[in-house]
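K.L.:
Sequence:
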Amino acid sequence: MASSATVEPISMVASTSWYGDDGQWGTVYIAVGDSPQVFAVLPNTAGVDILAVNYEGGCVNVSSTICSSSRGGVFMPSNSTTWVSDITREATYNGVGVDGLNATYGTDYITFNLDPENDPDNSRAASSNVPSAVGTFNSTDNWIGYIGLSVYRSDTNVWDLPTFMESIWDNRSAAPSCSYGYTAGAYYRLKGAPASLTIGGVDELRYEPNNVSFNLSYQGLPVALLSSIEVLSVDADDDSTTLIETLIDSYFTLDSSTSYIWLPEYTCDMFSQALNLTYNETLELYTYPTGGYEDLSSSNISFTFTLSGTSDYSTSVSITLPFSAFDHNISYPYPNFNPNETTSATLPYFPIKRAPNSNEYRIGRVFFQEAYLVVDYERQNFSVYQASFNSSIMTNTNIVSIDPPLNSVYPGWNSQKFSRGTIAGIVIGSVAGFAFIIFIIWWFFFHQGYQLSVSRRGPKPKDSKEEISVNQDRSLAPRRWKNWRYKGRAELGGDHVQPSELPAMAMIHELPGSMPGTTDQPMTPGLKQNVRRSAISAAGSSIVSFSSAARTSVSSDGSFDEEELVSPQANSRPPSIAKNHFLTADEAAENTHASETEANQRTRTWPGEIVVGPSASTDTSTDSSDCTSESSFSS
8 MASSATVEPI SMVASTSWYG DDGQWGTVYI AVGDSPQVFA VLPNTAGVDI LAVNYEGGCV
68 NVSSTICSSS RGGVFMPSNS TTWVSDITRE ATYNGVGVDG LNATYGTDYI TFNLDPENDP
128 DNSRAASSNV PSAVGTFNST DNWIGYIGLS VYRSDTNVWD LPTFMESIWD NRSAAPSCSY
188 GYTAGAYYRL KGAPASLTIG GVDELRYEPN NVSFNLSYQG LPVALLSSIE VLSVDADDDS
248 TTLIETLIDS YFTLDSSTSY IWLPEYTCDM FSQALNLTYN ETLELYTYPT GGYEDLSSSN
308 ISFTFTLSGT SDYSTSVSIT LPFSAFDHNI SYPYPNFNPN ETTSATLPYF PIKRAPNSNE
368 YRIGRVFFQE AYLVVDYERQ NFSVYQASFN SSIMTNTNIV SIDPPLNSVY PGWNSQKFSR
428 GTIAGIVIGS VAGFAFIIFI IWWFFFHQGY QLSVSRRGPK PKDSKEEISV NQDRSLAPRR
488 WKNWRYKGRA ELGGDHVQPS ELPAMAMIHE LPGSMPGTTD QPMTPGLKQN VRRSAISAAG
548 SSIVSFSSAA RTSVSSDGSF DEEELVSPQA NSRPPSIAKN HFLTADEAAE NTHASETEAN
608 QRTRTWPGEI VVGPSASTDT STDSSDCTSE SSFSS
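Residue numbers (the numbering used here): 8 to 642.
Treat the hints with care, as some may be off.
What the hints assert, rightly or not - So the derived label-pair ranges between C-beta atoms look like this:
id: 1; residue 1: T13; residue 2: M83; range: 30 to 38 Å
id: 2; residue 1: N109; residue 2: N414; range: 53 to 61 Å
id: 3; residue 1: E301; residue 2: T13; range: 51 to 59 Å
id: 4; residue 1: E301; residue 2: N343; range: 21 to 29 Å
id: 5; residue 1: T13; residue 2: S304; range: 45 to 53 Å
id: 6; residue 1: P296; residue 2: T248; range: 17 to 25 Å
id: 7; residue 1: S224; residue 2: E252; range: 22 to 30 Å
id: 8; residue 1: S321; residue 2: T95; range: 43 to 51 Å
id: 9; residue 1: Q387; residue 2: D242; range: 24 to 32 Å
In short, the hints are calculated from the structure, not lab data.
Everything numeric in this text was worked out from a predicted model, so none of it was measured.
Just so it is clear, CB atoms sit at the ideal spot from N, CA and C, and this is done for glycine as well.
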């Protein structure tokens, strides 16, 4: 900080009136447009937008004078020749409990140093010519407008509209630095201590100094570790009693856009039990039972919040609030509040709320009644001080500027925002890039998968006349995935060709005559079973389709025996069958150098038939021949 600077800080004029449907809150005046339209707004430490109540929809079916006065004034964009309308979208609020606040945005010039109470004609007003985005809204869920003090954008980061604090940082002629000092004021102090907001400096009369400083969050927001909350009650003899002493140890955003302190539910339950509060499900607020408010308001109760910058509590500061800071009322048109259901037009409540999750832990405006916040964006730090209520603050100020650090350069958030044409180009390019990636994946896995799968089988032998059959209808993705997983494993090239089954059907065919290699003697059941097993084994190993038939005979004991005869199909025999124990008669004769006799001619097997048995002439008069036949069959 410095005592003087080339450019003076902007000390905004505070209203002496108190606004709100959920309490009595201090505001400051701003004006928008070339013919300044003045209205009161609440400083918002977590948001970036300037939001004003729209004249056309903000006061429907209500006297315009009464409505405008109760809402701090309304804005008519059509009355400003410098207003440039842009778009209607959801407001960038950065608070909690304000989902769905739609606003119509445009750009215009902001004017400060206005005092409509003492200078209604604005004759002493000096236009700062600070351009800024301005949103107008009609909803009654937010009764008063706002001036955003944050430089962090969330929802607006794709729109090329300058925010208020961005313009302050970029325009050194408006304020000495991108910083501010703020306290919310307190209606219960000094018969109404007004709010104080200084852009580019602080009012040293409004706080008690300390040497504690915290770093801003990576989003540029004032976030501190709330280590504990202690609630003390002091009686007439100055004896204190601890009502609540809870360790919070969680990070909270210092957010003046909300009136409440958003705490974990278990902490709210501790407050409810200690202070005898009742939770109203309809209003989602903690209210007082009959006689409960009178008991607390007459008690000397204080609430101490201890803030720290780190979890080791090496730097901490404590801010104490009296019960009067929590003494507020809701009134119509607060959401879901029906004054006809109460005995008065207002309802006292205790301004704490249940946070839905840890991201919504907030220390709201009720805290800033007794605290003074200083934020320096160019140094990326902030400080919290106990607010001072010396009687001199009602008539005097001590404004001290915050000079920028050496070589401080505006980071250019506005230049990083994209125009709508750029946004459209980015979207189209992203879609095209995504489609190209999908095409590459399809080409790699499905189109090229076939060639990769075939190439891994090795080169085809030159002397091979057999073609490899590939099922074109079957997806190669599973095999491609397998090859991908085992891409380090490759099969060496060779002349081995996987055999394929010749097209044939397994049919049943009866061989004529008796089984070669057998006698007329009846076969024992065990031998017949072995013959059948041997036939099945031989058919499987030679990939030959066999046919079979049943032959019934009468045994010596008069019982019926059924034999299963097997035979290969003549046109389904592969060339390699000659290497097995199934030989044609000509081959058997050549191997044994036996001449063909008349008996051989009668028993000759013609081409295409197979002799089941030994390859040479056998003596069938003994049982040993049956054993030989069984052995050769099973081999």
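K.L.:
Each hint needs a verdict: does it hold in this structure or not?
P.N.:
Checked hints:
Taking 30 to 38 Å as the suggested C-beta distance range, the pair T13 and M83 conforms, at roughly 36 Å. At about 41 Å, the beta-carbon gap between N109 and N414 misses the expected band of 53 to 61 Å. One distance hint, 51 to 59 Å for the beta-carbon pair E301 and T13, holds here, with the actual separation near 55 Å. Distance hint check for E301 and N343: the Cβ-Cβ separation is about 25 Å, which falls inside the suggested range of 21 to 29 Å.
The given range of 45 to 53 Å is respected by T13 and S304, whose C-beta atoms sit roughly 49 Å from each other. For the hinted restraint 17 to 25 Å between P296 and T248, the CB-CB distance of approximately 21 Å keeps it satisfied. In this structure the hint that S224 and E252 lie 22 to 30 Å apart at CB holds, the actual value being about 28 Å. At about 48 Å, the CB distance of S321 to T95 agrees with the hint of 43 to 51 Å.
Checking the proposed 24 to 32 Å range against Q387 and D242 shows it is violated: the Cβ atoms sit about 45 Å from each other.
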